[in-house]
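J.: Quick note, the sequences are listed as chains A and B, same order. All residue numbers for the first sequence refer to the working numbering, where the first residue is 10 and numbers rise by one. All residue numbers for the second sequence refer to the working numbering, where the first residue is 8 and numbers rise by one.
Just to be clear, a hint being listed does not mean it is correct.
[Stated by the list, open to error] Which chain A residues stay away from chain B? Per the calculated CB distances, all over 12 Å, these: (1) R18; (2) V28; (3) G37; (4) Q59; (5) L93; (6) S96; (7) L100; (8) T124.
[Claimed, not checked] Result set (PhoX-like, lysine-lysine): computed pairs, CA atoms no more than 25 Å apart in a straight line: (9) A:K53 x B:K106; (10) A:K80 x B:K78; (11) B:K75 x A:K71; (12) B:K78 x A:K53; (13) A:K80 x B:K12; (14) A:K24 x A:K80; (15) B:K12 x A:K53; (16) B:K78 x B:K106; (17) A:K53 x B:K75; (18) A:K87 x B:K106.
Hints were generated in silico from the structure; no laboratory data involved. Because the structure is a prediction, the values reported are computed rather than measured. C-beta: ideal position from N, C-alpha, C; glycine also.
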Amino acid sequence: EAGVAQSPRYKIIEKRQSVAFWCNPISGHATLYWYQQILGQGPKLLIQFQNNGVVDDSQLPKDRFSAERLKGVDSTLKIQPAKLEDSAVYLCASTQGPGGFYEQYFGPGTRLTVT
Amino acid sequence: DQQVKQNSPSLSVQEGRISILNCDYTNSMFDYFLWYKKYPAEGPTFLISISSIKDKNEDGRFTVFLNKSAKHLSLHIVPSQPGDSAVYFCAASASGTYKYIFGTGTRLKVLA
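Please model the complete structure; the sequences and the hints are all you need to start from.
T.: So this is what it looks like as structure tokens:
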């Protein structure tokens, strides 16, 4: 079974530039999560999708971050414009269903450096 | 507001000995807890979980203990192996929500 795929693996941009990350979850997984992990901290949920609908985006900085999940499969997370404090690893995860009783499968992450 | 805390940022253990990683939580609504292991440049991988209706769950060398009254859980690894060297995150979730709240992680180093 293929795991969660993410690209790119690494990205370096200057502040005020835009960047987009892509995630392909495990086939059949209805729930998709985007996390931000700043160095030395645990993953922080940015947004959660159930199929192509948003379940929770309460911690997504909506003035600069956006995410979509078209057709309930792949997802993209965009930052526009980027700030220095956005430097982090962006993790995508998926589960079979919603709620906290499902094991999350994580992708390898995208390490973003904003200079 | 850090609802899930791992107060030890790092831990070193001799190979063959027991590793004990601790996690505390503040939200009494949490009823499902998970441990993840993370190697450098990889995403976290699921290790073991426990529901609040239990106080212990075992899977091979890994055992998770839950003390609901103390709002505390721990992960025991016996015997520890060099391949266990990684960052370990605990995470918690509450029924009716869809969120997993993660701790800050503990870096375990198992010395050969």
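J.: Taking the hints in turn, state whether each one holds.
T.: Here is what the structure says about each hint:
Interface exclusion of R18 (chain A) from chain B breaks down, the closest Cβ pair being 8 Å apart, not more than 12 Å. Remark: the non-interface label on V28 (chain A) is consistent with the geometry, its nearest Cβ contact in chain B lying 19 Å away (cut-off 12 Å). Consistency note on G37 (chain A): stated as away from chain B, and its beta-carbon is indeed over 12 Å from all of that chain's, at 17 Å minimum. With a cut of 12 Å on Cβ distances, Q59 (chain A) falls inside the contact zone with chain B, its closest approach being about 8 Å.
With a least CB separation of 21 Å from chain B, L93 (chain A) remains clear of the 12 Å interface cut-off, as annotated. For S96 (chain A), the requirement that its beta carbon stay farther than 12 Å from each beta carbon of chain B is met, with the minimum near 16 Å. Not every C-beta of chain B lies more than 12 Å from that of L100 (chain A), the closest at about 6 Å, which undercuts listing it as non-interface. Distance check for T124 (chain A) against chain B: the nearest CB is about 20 Å away, which clears 12 Å, and the non-interface claim stands.
Restraint check for K53 (chain A) and K106 (chain B): satisfied, since their Cα atoms lie roughly 10 Å apart, inside the 25 Å limit. Restraint check for K80 (chain A) and K78 (chain B): not satisfied, since their Cα atoms lie roughly 40 Å apart, outside the 25 Å limit. Straight-line distance between C-alpha atoms of K75 (chain B) and K71 (chain A) comes to about 36 Å, which puts the hinted pair past the 25 Å bound. Note on K78 (chain B) and K53 (chain A): the hinted pairing holds, with a Cα-Cα distance of about 21 Å set against a maximum of 25 Å.
Simply put, K80 (chain A) and K12 (chain B) have alpha-carbon atoms about 37 Å apart, too far for the 25 Å limit, and the pair is violated. Annotation: proposed proximity of K24 (chain A) to K80 (chain A) is violated, straight-line Cα distance about 31 Å (limit 25 Å). Between K12 (chain B) and K53 (chain A), the direct Cα distance comes to roughly 13 Å. Compliance with the 25 Å bound is thereby established for this hinted pair. A distance of roughly 18 Å separates the Cα atoms of K78 (chain B) and K106 (chain B); the hinted pair therefore holds under the 25 Å criterion.
A threshold of 25 Å between alpha carbons decides the hint, and for K53 (chain A) with K75 (chain B) the separation of about 24 Å falls inside it, so the pair holds. Annotation: proposed proximity of K87 (chain A) to K106 (chain B) holds, straight-line Cα distance about 21 Å (limit 25 Å).
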